[in-house]
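A.B. asks: Residues per chain, in single letters:
2 protein chains.
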Amino acid sequence: MPTYTPPTEDQLFILHEVLKVQENEALEGYDELTPDLTGPVLEEAGKLGAEVLAPLNAVGDGGCELENGVVRTPEGFRAAFDLLRDGGWTSLACDPDFGGQGLPGILHAAAGESHSAANMAFMMFSGLTLGAYRAIHTHGTDEQKQTYLSKMATCEWTGTMNLTEPHCGTDLGMLRTKAEPRDDGSYRITGQKIFISSGEHDMADNIVHLVLARITGAPEGVKGISLFICPKFLPKEDGTPGERNGVVCGALEEKMGIHGNPTCVMNYDGATGFLLGEANRGLPAMFVMMNHARLDVAGQGLFQAAAAYQAAAAYAKDRLQGRAVTGPAAPEKSADPLIVHPDVRRMLLDQKSFVEGARAALLIAAEINDVSHRHPDAEKREEADAMLGLLTPVLKGFCTDKGFEMTVEAQQVFGGHGYIREWGMEQFVRDARIAMIYEGANGIQALDLVGRKLALNGGKTLMAFFEEIRGFIKAHEDDEMLARNFLSPLKSASKDLQAAAMYFMAEGVKNPNNALAGSTDFMHLFGHVLLGWAWARMAVAARAGLESGEGNAAFYEAKLRTGRYYMARALPETALRLARIQTGAAPVMDLPAEAF
Amino acid sequence: MPTYTPPTEDQLFILHEVLKVQENEALEGYDELTPDLTGPVLEEAGKLGAEVLAPLNAVGDGGCELENGVVRTPEGFRAAFDLLRDGGWTSLACDPDFGGQGLPGILHAAAGESHSAANMAFMMFSGLTLGAYRAIHTHGTDEQKQTYLSKMATCEWTGTMNLTEPHCGTDLGMLRTKAEPRDDGSYRITGQKIFISSGEHDMADNIVHLVLARITGAPEGVKGISLFICPKFLPKEDGTPGERNGVVCGALEEKMGIHGNPTCVMNYDGATGFLLGEANRGLPAMFVMMNHARLDVAGQGLFQAAAAYQAAAAYAKDRLQGRAVTGPAAPEKSADPLIVHPDVRRMLLDQKSFVEGARAALLIAAEINDVSHRHPDAEKREEADAMLGLLTPVLKGFCTDKGFEMTVEAQQVFGGHGYIREWGMEQFVRDARIAMIYEGANGIQALDLVGRKLALNGGKTLMAFFEEIRGFIKAHEDDEMLARNFLSPLKSASKDLQAAAMYFMAEGVKNPNNALAGSTDFMHLFGHVLLGWAWARMAVAARAGLESGEGNAAFYEAKLRTGRYYMARALPETALRLARIQTGAAPVMDLPAEAF
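Protein chains in written order, with the numbering used here: chain A, 1 to 596; chain B, 1001 to 1596.
Isolated chain A (complex conformation):
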């Protein structure tokens, strides 16, 4: 079974040398983010991940059990959940008025990596809870906030997101779950929801379901959907769990992975629900939770790749097999370690350069998220919110597609052993696979990106992204090494992205399918530009670190070499994506449906 080493040094480099969070005075709370705080926090977070959660990952793969409506989580999960709660890890970035510690989200994002990498299925319990927290925080009444939030910040009560029904997932306009108004202002919820992660379990005193349903007489389609709070136990006056509500787990799904988290069929049989936000405005309210979840899921893709990469790198340094073509590297041994072989290094560098680039990109996004909440200037907050909206589908789609691909490459490094359960590599693959599917399948992310986000604010947000990159290149192009290895490939990739956007504008008007046929290619193109930018920023910081003569020179050197690999071997994919995009609708649409 793989052991797990938290990426603390890398995270501190990104926070303090790339983003220089401690110098960002405009953001409330960022001045606290000195290495004195972040170092110990990330160390402690890493300990919990490495020592408690990682050993439970294979255990969790054994699955949950449903008996008489009760779901038993895997052995050891409850105790670990107590440690997560008691360590304050769930409430880190929550509102101090409602049970939180009020620290910047970027710190929570960094701390969360070690937990999710170590045990993805386990971390879904709290991850979804915090999404629900945010939805209630944004749209709840004062009373609702008082009732639920502080208990959810600590995960004393957990949360769920109930959207999907058997006949509709993406197309929520078709949903049938009913909400009948009662005289007391509450609603009677009736219907069936499927694919509900953490829908029922034994780790919390209460489970707060956020449920999409249609109020009697509401319009058809998405404009008649409302969001309800539907707790497993109805809170009593004193805030403690009271009467059992009419919502039960009917079955657990047998699935490919994330067995440590119960995927539930939830049956609502006249359950009591409380309207959250406005009637018929449930979808936008749910999207507060959804957008939060999408960034979480982007992390899941990346973090499984990070954990799998570690294991693969360790195996490649340990396993003796074959000889280096240029002569024995370990002549005293019966064979050289796998890592002498160029093709093994290629696989490892694919992974390493993706993982480190995506880690930086996600923390860049976390900072933008903090700007959208913490900046004193409302205009800056709005711009940041729009930028996050633009980057969210890119991060979700790209990091989970690539993250999965990297778990497959990590598994490949193990040869036949990678296919065997006890080595733990195939679990990474099975677990990471879901991240491409849930919270909006990646095709939906691409559609959101091309169909909605490109035109956000009349295209101004996209322009701002390009402007950011242009400014960055300009500021550093005097450094010849940076210019050659990082800035020039970034410029070229960024041009490909602009050309693709131009193509969509020019040809999408004639036929929207000219844009939609290339949506996934565009998402990947954008993802590469984003990671290329992240790598270029890391290269600048690593250069500065080397020049300072302080810090870990070997770390900076490795950073530059890993970055050069990404720029030289991964980034050129943008040209292929552009070429595909420019073939337009015809290749995709020409074949009649019956010929498939």
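Source of the hints: derived by calculation from the structure; they are not laboratory data.
Heads up, a few of these hints could be off.
[What the hints assert, rightly or not] A partial selection of chain A residues facing chain B, derived with a Cβ cut-off under 10 Å:
id	residue
1	167
2	190
3	191
4	194
5	234
6	236
7	309
8	339
9	419
10	438
11	442
12	456
13	588
14	590
15	594
[Claimed, not checked] Pairs of lysine-lysine, BS3-like flavour, derived with a Cα cap of 27 Å:
id	chain 1	residue 1	chain 2	residue 2
16	B	1495	A	495
17	B	1317	B	1333
18	B	1474	B	1020
19	A	145	A	223
20	B	1460	A	333
21	B	1178	A	333
22	A	474	A	491
23	B	1333	A	178
24	A	20	A	333
25	B	1474	B	1510
26	B	1020	B	1380
27	A	236	A	223
28	A	223	B	1333
29	A	460	A	491
30	B	1145	B	1236
All C-beta atoms, glycine included, are put in the ideal place defined by N, C-alpha and C.
Starting from the known structure of chain A, fit chain B onto it as the hints suggest.
C.D. replies: Same frame as chain A, but now just chain B:
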């Protein structure tokens, strides 16, 4: 659970209109391959796959069981194996002197698709048997042939391949299994082998293990390895199974997929073995079996993709979700079928264009294989053998990498349902995954291709491949439609392949890592050129079909459109692969091992 429809129409098109096998008079037995024979044979093969084997696929996923040394295969496997045997499917292309029907291998390859696509794990029992058949056929003494072959042709006795040991897989030079000579000419085999597919089971009267071991006093390394026949039951004088041999299954591996086939730890404890071929020449003898297995595995990758694609296409036409952006396609329904969405079509066309292209490529290879065995001219046989040697690693690596990727895309079409066991899509992914690993992990295929096969016959075989493509393009470039849509992209891809080979020649001399760092990219580049060529040949045949005014015009039209998709959207990947190759060793080798 997915149903399965055999690709008979497509196979007949490739056999009779693309390859025109029935007109190939030089090859013994090809004159029999008229549609009168091939049609009914493929129909019947398809029936067995669709009606018997496909329904057992999910059953098989439940796994085999080991108790007291006995392995029980999944319910229904034994009866199905009898049908496979009794239908003559295993012996189709075997030598008539030793239990076979002597039909051309290409017919067996085509018939086998329906079986392997329907149930990959099940078909591993007979697949490995036929590989062992071939090794004994090539290297066995007359007595050995008499004893084993006719029983193995019918799979009355099955076969296995025993190479891997716990500490060595790829690097067989390290193997430790001992073979001590006995006075009667037999050997005492002692050691442990792992990852032995079909190593023990309840479906045959005997199991014939081919085992690599080192004879007492033999040189170290690969030059001291010999191959042995080590049957579970020692054959009696009358040819029936006699005394139980000292080889037992010690454990079954818990693995990611192919649960229907037992992956065994085999313990040899002074088992009696009989030398097959020459002493210390075991590796080349085993390679007869291995090369056969590699083409089989190439098929596994493709066939799982083919089965998964079918299911995905059916789902996309059936599942209602969302509306076409250009206006409702099924206004009478609550939503349009998924297939109206460009991104869903993109996923399906990725799969369809790969599956049909790779199917043609594998049948082209099967024909080359037949030339290598059946052509009257020895020189032609040798050339064909070399060409097959060149194409084998390309087909194994490319078809399994891509095949797996396509099962993942097929699963993606199902959204959340794709992750749930009962829909069967995740099994395709788990099963297909092994094909990238076993019979030489794909990195080893790439190494074989670049390190050995490119220089085969002083590069003449590679030149012959390019010449073949050049001649084909020249012969058809007057057709303006073909030239634009097929020949021009093929020419460009082929140029990329040549440029990559030139780069290896020029730079590999300076540093072999300049070639090895790009080996996997080269394998994929080559795979695309091969499929591009296969598609261009199909386009020529489809064109001719349309012009003839006979046959199924819709089929030919669909063929051309699917091919255009491949040429426009898949083939341009060759430029990316070339760009990566030309970055050489540095990006891959620069990072010191300790920095991983």
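A.B. asks: Using Cβ atoms only, decide whether residue 438 of chain A comes closer than 10 Å to chain B, and label the hint accordingly.
C.D. replies: Since the shortest Cβ distance to chain B is 6 Å, the answer is holds.
A.B. asks: Using Cβ atoms only, decide whether residue 442 of chain A comes closer than 10 Å to chain B, and label the hint accordingly.
C.D. replies: This interface hint holds because 7 Å falls under the 10 Å limit.
A.B. asks: Tell me if the straight-line CA distance from residue 1020 of chain B to residue 1380 of chain B falls inside 27 Å.
C.D. replies: holds (19 Å)
A.B. asks: Is it true that the CA of residue 1333 of chain B sits at most 27 Å from the CA of residue 178 of chain A?
C.D. replies: holds (21 Å)
A.B. asks: Minimum Cβ distance from residue 194 of chain A to chain B below 10 Å?
C.D. replies: Holds - the Cβ of residue 194 of chain A comes within 10 Å of chain B, reaching about 8 Å at its closest.
A.B. asks: Does residue 1236 of chain B sit within 27 Å of residue 1145 of chain B, going by the straight-line distance between their CA atoms?
C.D. replies: holds (15 Å)
A.B. asks: Holds or violated: are the alpha carbons of residue 474 of chain A and residue 491 of chain A at most 27 Å from each other?
C.D. replies: holds (10 Å)
A.B. asks: Can we keep the residue 309 of chain A interface hint, with Cβ of chain B closer than 10 Å?
C.D. replies: Holds. Min distance 9 Å.
A.B. asks: Does the closest beta carbon of chain B sit nearer than 10 Å to the beta carbon of residue 190 of chain A?
C.D. replies: violated (20 Å)
A.B. asks: For the hint on residue 588 of chain A, just tell me whether its beta-carbon gets within less than 10 Å of chain B.
C.D. replies: holds (5 Å)
A.B. asks: Taking 10 Å as the limit, does the beta-carbon of residue 456 of chain A come near enough to a beta-carbon in chain B?
C.D. replies: violated (18 Å)
A.B. asks: Answer holds if the nearest beta-carbon of chain B is closer than 10 Å to that of residue 191 of chain A; otherwise answer violated.
C.D. replies: Since the shortest Cβ distance to chain B is 16 Å, the answer is violated.
Checked against the numbered hints above, the structure breaks hints 2, 3, 5, 6, 12, 20, 24, 25, 27 and satisfies the rest.
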